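Chemist: Sequences listed follow chains A and B, in order.
Under this note's numbering, think of the first position of the first sequence as 521, with each following residue one higher.
Under this note's numbering, think of the first position of the second sequence as 521, with each following residue one higher.
In case anyone wonders, no lab produced these hints; they're calculated from the structure.
Among these hints, one or two may not hold up.
[As the list claims (entries may be wrong)] Sample of chain A residues at the chain B side, in silico, Cβ under 7 Å:
{"no.": "1", "residue": "F522"}
{"no.": "2", "residue": "V742"}
{"no.": "3", "residue": "L806"}
[Stated by the list, open to error] Some chain B residues judged to face chain A by a derived CB distance under 8 Å, without partners named:
{"no.": "4", "residue": "V597"}
{"no.": "5", "residue": "L612"}
{"no.": "6", "residue": "N651"}
{"no.": "7", "residue": "V653"}
{"no.": "8", "residue": "A674"}
{"no.": "9", "residue": "D678"}
{"no.": "10", "residue": "V724"}
{"no.": "11", "residue": "T733"}
{"no.": "12", "residue": "Y779"}
{"no.": "13", "residue": "A780"}
{"no.": "14", "residue": "E787"}
Quick caveat, the model's predicted, so the values are computed rather than measured.
Beta carbons are placed, not taken as given, at the ideal position from N, Cα and C, and that holds for glycine.
Protein chains: 2
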Amino acid sequence: MFDLPKSVILEDEALRDGLQIEKTQLSVAEILQFVKGLEAAGMRRIQVGSFVHPKWVPQMANTDAVFQELERTPGVVYTALVLNLKGLERALKCNVSHLSVSISASETHSQKNTHRSLADSMVHIREMISNSVAAGVTTRGGIQSAFGCAYEGAISTDVVCDIARLYDSLGAHEINLADSAGLANPKSIIELVTKVRAAVSPRVTLSLHLHDTRGLGIANMVAGLQAGVTLFDSSLGGLGGCPFIPKAAGNIASEDAVYALQEMGVETGIDWRKLADLAITLEEKLGHSLPGRLAHLPRAA
Amino acid sequence: MFDLPKSVILEDEALRDGLQIEKTQLSVAEILQFVKGLEAAGMRRIQVGSFVHPKWVPQMANTDAVFQELERTPGVVYTALVLNLKGLERALKCNVSHLSVSISASETHSQKNTHRSLADSMVHIREMISNSVAAGVTTRGGIQSAFGCAYEGAISTDVVCDIARLYDSLGAHEINLADSAGLANPKSIIELVTKVRAAVSPRVTLSLHLHDTRGLGIANMVAGLQAGVTLFDSSLGGLGGCPFIPKAAGNIASEDAVYALQEMGVETGIDWRKLADLAITLEEKLGHSLPGRLAHLPRAA
Numbered sequence: 521m522f523d524l525p526k527s528v529i530l531e532d533e534a535l536r537d538g539l540q541i542e543k544t545q546l547s548v549a550e551i552l553q554f555v556k557g558l559e560a561a562g563m564r565r566i567q568v569g570s571f572v573h574p575k576w577v578p579q580m581a582n583t584d585a586v587f588q589e590l591e592r593t594p595g596v597v598y599t600a601l602v603l604n605l606k607g608l609e610r611a612l613k614c615n616v617s618h619l620s621v622s623i624s625a626s627e628t629h630s631q632k633n634t635h636r637s638l639a640d641s642m643v644h645i646r647e648m649i650s651n652s653v654a655a656g657v658t659t660r661g662g663i664q665s666a667f668g669c670a671y672e673g674a675i676s677t678d679v680v681c682d683i684a685r686l687y688d689s690l691g692a693h694e695i696n697l698a699d700s701a702g703l704a705n706p707k708s709i710i711e712l713v714t715k716v717r718a719a720v721s722p723r724v725t726l727s728l729h730l731h732d733t734r735g736l737g738i739a740n741m742v743a744g745l746q747a748g749v750t751l752f753d754s755s756l757g758g759l760g761g762c763p764f765i766p767k768a769a770g771n772i773a774s775e776d777a778v779y780a781l782q783e784m785g786v787e788t789g790i791d792w793r794k795l796a797d798l799a800i801t802l803e804e805k806l807g808h809s810l811p812g813r814l815a816h817l818p819r820a821a
Numbered sequence: 521m522f523d524l525p526k527s528v529i530l531e532d533e534a535l536r537d538g539l540q541i542e543k544t545q546l547s548v549a550e551i552l553q554f555v556k557g558l559e560a561a562g563m564r565r566i567q568v569g570s571f572v573h574p575k576w577v578p579q580m581a582n583t584d585a586v587f588q589e590l591e592r593t594p595g596v597v598y599t600a601l602v603l604n605l606k607g608l609e610r611a612l613k614c615n616v617s618h619l620s621v622s623i624s625a626s627e628t629h630s631q632k633n634t635h636r637s638l639a640d641s642m643v644h645i646r647e648m649i650s651n652s653v654a655a656g657v658t659t660r661g662g663i664q665s666a667f668g669c670a671y672e673g674a675i676s677t678d679v680v681c682d683i684a685r686l687y688d689s690l691g692a693h694e695i696n697l698a699d700s701a702g703l704a705n706p707k708s709i710i711e712l713v714t715k716v717r718a719a720v721s722p723r724v725t726l727s728l729h730l731h732d733t734r735g736l737g738i739a740n741m742v743a744g745l746q747a748g749v750t751l752f753d754s755s756l757g758g759l760g761g762c763p764f765i766p767k768a769a770g771n772i773a774s775e776d777a778v779y780a781l782q783e784m785g786v787e788t789g790i791d792w793r794k795l796a797d798l799a800i801t802l803e804e805k806l807g808h809s810l811p812g813r814l815a816h817l818p819r820a821a
């Protein structure tokens, strides 16, 4: 009834998905300090930024500089988001070895987020994935609003599977199902993961990106584990949201996810206490509190 | 892999477990207003108060008056907590048809909460359960700190089963496993529920009381469902905590629990939107925000 994987990998996205909606812009040195703090806690995959036009997301303007100054630790994957071919070019110049590209499964979310229809997005993403894979970069194809859309409500699981099959056919190494609006529940997680798993090649890794908007983030992670998922996005302190999705909460807090996994006997190699301390440092830097729970409890408890 | 019960019952405990740590004391009329609001949302079991000495918990001083003035709706269970024989006498005078009694599975928590050892508590509870059952009252025996103790850490599942068997032997109708300190996780929920289920008669109903201290409340509810539990405590708005357990969060928010259940196709007969509105009214009354999620989202989302 409750057979969980032995170990999982977390990808911390605080420095991209989290920071992109903050007023405070962190310097290259500050971002690198958090990257090193995440590493010191045992995080082995870190999304460092986004190669997006600085006009749209000024918080990510220094992603190139961050990658140029980053001292890479063997065994740690430093990844970034790219949204177009220009961004991909920049990422390749920075010798990024792992990249995420992403489209939304929702027509309305796609239009609002990128001014492109879903059909156009599916054409546009082809070249990005092909070029990224051809450049030798480990490539993740993300499917936003995979579990429902803040504007449209339910999203067809057939559409999600179509996008997943496209990614697979283009050679993407990983497919990320993103609950951008926090509309997933444990049942829908198990159903969609099972359906997508059956739709794509066994070589493709499935991962989950879970926003905690309705308090179901950790429950959804547990359901993902039960469905065999071993790779989850999380965010230091629970930092995050989405500029285009009203009241979207951040990803599940990394320290809370690690605590929950550890208590269930699932290994992550990460020390949640160190993450909790780092989340407090991040709060101080940003000047407001973050939604994660463990960071705010007495450490002995 | 994911076989859930068709329907569950929620017991809202905001007016007891929630209110008891608040500075604001609600009047009899105000408490009755919330009881009726919970009923109007479809809640079919409501913990109305506690027959405790007003010196210890002044917020509960008017529980007798609340029961005396309460207009009882057929099909709705109005319950209360009693802590000693004097309280039981008061409850019986108020014609309460359903009662909770409770001890802690933790020696230290027991000493701090009641100034009694666990052994003394197990003697003391005998007469309470026997008398309550003999008076024709549906009686719930609660086991606090069943999943771990804020002071002691791990709690022996054998001790929990010993208490459960004692309750069973005394004729208790229901056994409530309480995660008072928010230390349970989905794995420990399934393990303990399975073990206690095997230790007691089939006639006994098992229920879960889940504090959300570490953000695992809803995940633990889902695990409870997977283990076959069909009765959960919750609290309007997530109001609550414990005066004797540092930083204990409240129960899972009723509206969040109803939303999660509904999304998974589990019936509750409750309208989470009405609960969410009532949670906002409760926030206004208490003068501070509550931790529940759904109440604070735009209602269309």
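Chemist: Broken hints, numbered, in rising order?
Modeler: 3, 4, 5, 6, 7, 8, 9, 10, 14
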